[in-house]
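Trainee: What follows is each chain in one-letter form.
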Amino acid sequence: MYSQKVMEHFTNPRNVGEIPDPDGVGTVGNPVCGDLMKITIRVKDNRIEDIKFLTFGCGAAIATSSMVTELVKGKTLEEAMQVTNRAVAEALDGLPPIKMHCSNLAADALHEAIKDYLSRNDGRKAAGETYEGAPGDREVDERGGGSR
Amino acid sequence: MRRVYLDHAATTPVHPEVVEVMRHYMLQDWGNPSSIHSFGREARAGVDEARAKVAALIGADPEEIVFTGGGTEADNMAIKGTAWELRNKGDHIITSAVEHHAVLHTVEWLEKQGFRATYLPVDEYGMVDPGDVERAITSSTILVSIMAANNEVGTVQPVAEIARICREKGVRFHTDAVQAVGQLPIDVHALGVDLLSLSAHKIYGPKGVGVLYVRRGVRLTPLLHGGAHERKRRAGTEGVPGIVGLGKAAELARLQFDQRVEHYRRVRDLLWERIRERVPEVRLNGHPTERLPNNLNLSVLYVEGESMLLNLDMKGIAASSGSACTSGSLEPSHVLLAMGIPHEVAHGSLRMTVGVSTTEEDTAYVGESLGEIVDRLRAMSPLWNARVR
Ligand SMILES: Cc1ncc(COP(=O)(O)O)c(C=O)c1O
Ligand code: FES
Numbered sequence: 006m007y008s009q010k011v012m013e014h015f016t017n018p019r020n021v022g023e024i025p026d027p028d029g030v031g032t033v034g035n036p037v038c039g040d041l042m043k044i045t046i047r048v049k050d051n052r053i054e055d056i057k058f059l060t061f062g063c064g065a066a067i068a069t070s071s072m073v074t075e076l077v078k079g080k081t082l083e084e085a086m087q088v089t090n091r092a093v094a095e096a097l098d099g100l101p102p103i104k105m106h107c108s109n110l111a112a113d114a115l116h117e118a119i120k121d122y123l124s125r126n127d128g129r130k131a132a133g134e135t136y137e138g139a140p141g142d143r144e145v146d147e148r149g150g151g152s153r
Numbered sequence: 038m039r040r041v042y043l044d045h046a047a048t049t050p051v052h053p054e055v056v057e058v059m060r061h062y063m064l065q066d067w068g069n070p071s072s073i074h075s076f077g078r079e080a081r082a083g084v085d086e087a088r089a090k091v092a093a094l095i096g097a098d099p100e101e102i103v104f105t106g107g108g109t110e111a112d113n114m115a116i117k118g119t120a121w122e123l124r125n126k127g128d129h130i131i132t133s134a135v136e137h138h139a140v141l142h143t144v145e146w147l148e149k150q151g152f153r154a155t156y157l158p159v160d161e162y163g164m165v166d167p168g169d170v171e172r173a174i175t176s177s178t179i180l181v182s183i184m185a186a187n188n189e190v191g192t193v194q195p196v197a198e199i200a201r202i203c204r205e206k207g208v209r210f211h212t213d214a215v216q217a218v219g220q221l222p223i224d225v226h227a228l229g230v231d232l233l234s235l236s237a238h239k240i241y242g243p244k245g246v247g248v249l250y251v252r253r254g255v256r257l258t259p260l261l262h263g264g265a266h267e268r269k270r271r272a273g274t275e276g277v278p279g280i281v282g283l284g285k286a287a288e289l290a291r292l293q294f295d296q297r298v299e300h301y302r303r304v305r306d307l308l309w310e311r312i313r314e315r316v317p318e319v320r321l322n323g324h325p326t327e328r329l330p331n332n333l334n335l336s337v338l339y340v341e342g343e344s345m346l347l348n349l350d351m352k353g354i355a356a357s358s359g360s361a362c363t364s365g366s367l368e369p370s371h372v373l374l375a376m377g378i379p380h381e382v383a384h385g386s387l388r389m390t391v392g393v394s395t396t397e398e399d400t401a402y403v404g405e406s407l408g409e410i411v412d413r414l415r416a417m418s419p420l421w422n423a424r425v426r
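Residue numbers (our numbering), protein chains in the order written: chain A, 6 to 153; chain B, 38 to 426.
Among the clues, some could well be false.
Examples of chain B residues lying across from chain A (beta carbon under 7 Å, computed) [unchecked claim]:
(1) S344
(2) L367
(3) L420
(4) N422
Where chain A lies over chain B, by a calculated footprint (3+ residues, C-beta under 8 Å) [to be verified]:
(5) 334-343
(6) 355-366
(7) 375-384
(8) 405-419
Chain B is nowhere near these chain A residues, computed Cβ spacing over 12 Å in every case [stated by the list, open to error]:
(9) K43
(10) T89
(11) R125
Keep in mind that the hints were calculated from the coordinates and are not lab data.
Since this is a predicted model, take the numbers as computed values, not measurements.
Every residue gets a Cβ at the ideal spot worked out from N, C-alpha and C, and that includes glycine.
Generate the whole structure from the sequences, applying the supplied hints.
Mentor: What follows is the structure, given as structure tokens:
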């Protein structure tokens, strides 16, 4: 049911862990199925110098976490803020429809971590308000399937 | 790679002797049992023999055995057939919150048709209180349906006692024994049930064939109308290969009952021991003693079920989970929730069901493999990291 790319990231996830004394922390829970993700970032010269994740969730949740960290490492905060759930899913060669909501978790945790960093750095707080991610790009729940 | 199948509650492999019999009724005696010529008579003999074998397994008379297209159809026939037959007598059905969807969704559908239903709660082990059944019965109750043993957590229900209450109150009683048959001594008279469902593919028989036991004198409105097959209780040319396969599977289940159950219990207990030795913070779901001998249902705290299943599968191990992430509805198992198990504990649930081919070496392999998987996933889990800090 998962693409090879998803399975590859699930089997060998990149950037697992937690940065000590991070510059920004994003923790989000998934309202759909109750999973949890935590992203920590280290920022230098407006770039994401390092990023790590911890995830309690399904295969798709772990793979999207891994992918989102890989996508934004070394990127500017503005660039990272523009990474959408859909972009993460596409980078993984797609997700099964029922798993699309898992990709929200990864991008949301990343954006939360960046906002946290910005709010800690008062002078740049105003800028944080302009970083609203890509509006209207959240995946809606697509429920389906049967029981065994 | 080593392959270990621990999902016998989902389905079982077909026993070679069963395949042999089925083959014979496809290549040799392939007639239509309703035909009066010799071809038909040969096929009829096979169906009759199978009926006698299934009857012997559950202590019934052969005429009380109705072949169906599986456990789901047997459940539907028992419940809808009773509802339509007795709709002038009453409109109330009692069942439990932990039934298989073949029962639950059937009762829910009947509610949409105007019937009323009571879904009895269960205790923390998944067990129904017979006192609740007694209190729920009213003058308009036409059916009580409580499963003999649960397919997810393996909890064995006090079916004989519930049946006695129903009999005293004059209410018809059905039990879904799909998981119980072959694992618990099932005798329809000792249990005192009116209707009982079973399915071939859970007892090393083929898929798509089952039985509804219908006590003599119990009338049902048929689901299928057509020819006079199965004494007008289930129209349609008999699925002879499946039926004879079920007959053989039932015979083997009866003859090998003691040795199978002893084997299941031994390897299941070993499996639980190996896992507990290797994995800290696991808990058992379901009843410690009143459970199916082949069933182990556990929760690994701080990790999610689907990610464990994917990793187990990569190591050749087949299991299942009640996690929200593995269900089509993204809700955790209704059985675990009804038992009051918190959402996050249900999340880490794993069901492992052993079978005749499970070995002691398998249990050691699974214990070690699960240990490695859980170590890795916990290192990745924010809950575990917050906890060990
Ligand atoms: C308790 C129970 N009832 C009913 C069924 C349905 O049986 P079948 O698969 O033969 O339709 C199953 C099997 O999944 C089951 O475990
Ligand atoms: S995180 Fe629960 S389904 Fe993906």
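Trainee: Each hint needs a verdict: does it hold in this structure or not?
Mentor: Quick rundown of the hints versus the structure:
1. Taken as an interface hint, S344/B checks out: its beta carbon lies about 6 Å from the nearest beta carbon of chain A, inside 7 Å.
2. Taking 7 Å as the C-beta cut-off, the interface hint given for L367/B holds, the closest approach to chain A being about 5 Å.
3. About 5 Å separates the beta-carbon of L420/B from the nearest beta-carbon of chain A, less than 7 Å, and the hint is met.
4. Annotation: N422/B was flagged as interfacial toward chain A, and the flag holds, the nearest CB pair being 6 Å apart, inside 7 Å.
5. With a cut-off of 8 Å between beta carbons, the segment 334-343 of chain B has 4 residues touching chain A; three or more are needed, and the interface restraint holds.
6. Three residues within the 8 Å Cβ limit are the bar, and the segment 355-366 of chain B against chain A gives 8, so the coverage statement holds.
7. Look at the segment 375-384 of chain B against chain A: 3 of its residues bring a Cβ nearer than 8 Å to a Cβ of that chain, three or more, so the hint holds.
8. Here the segment 405-419 of chain B counts 4 residues with a CB under 8 Å from a CB of chain A, which clears the bar of 3, and the coverage holds.
9. The non-interface label for K43/A is inconsistent with chain B: the shortest C-beta to C-beta separation is roughly 4 Å, within 12 Å.
10. In this structure T89/A is separated from chain B by more than 12 Å, as the shortest Cβ-Cβ distance comes to about 22 Å.
11. A cut-off of 12 Å between C-beta atoms confirms that R125/A is not in contact with chain B; the least separation is 20 Å.
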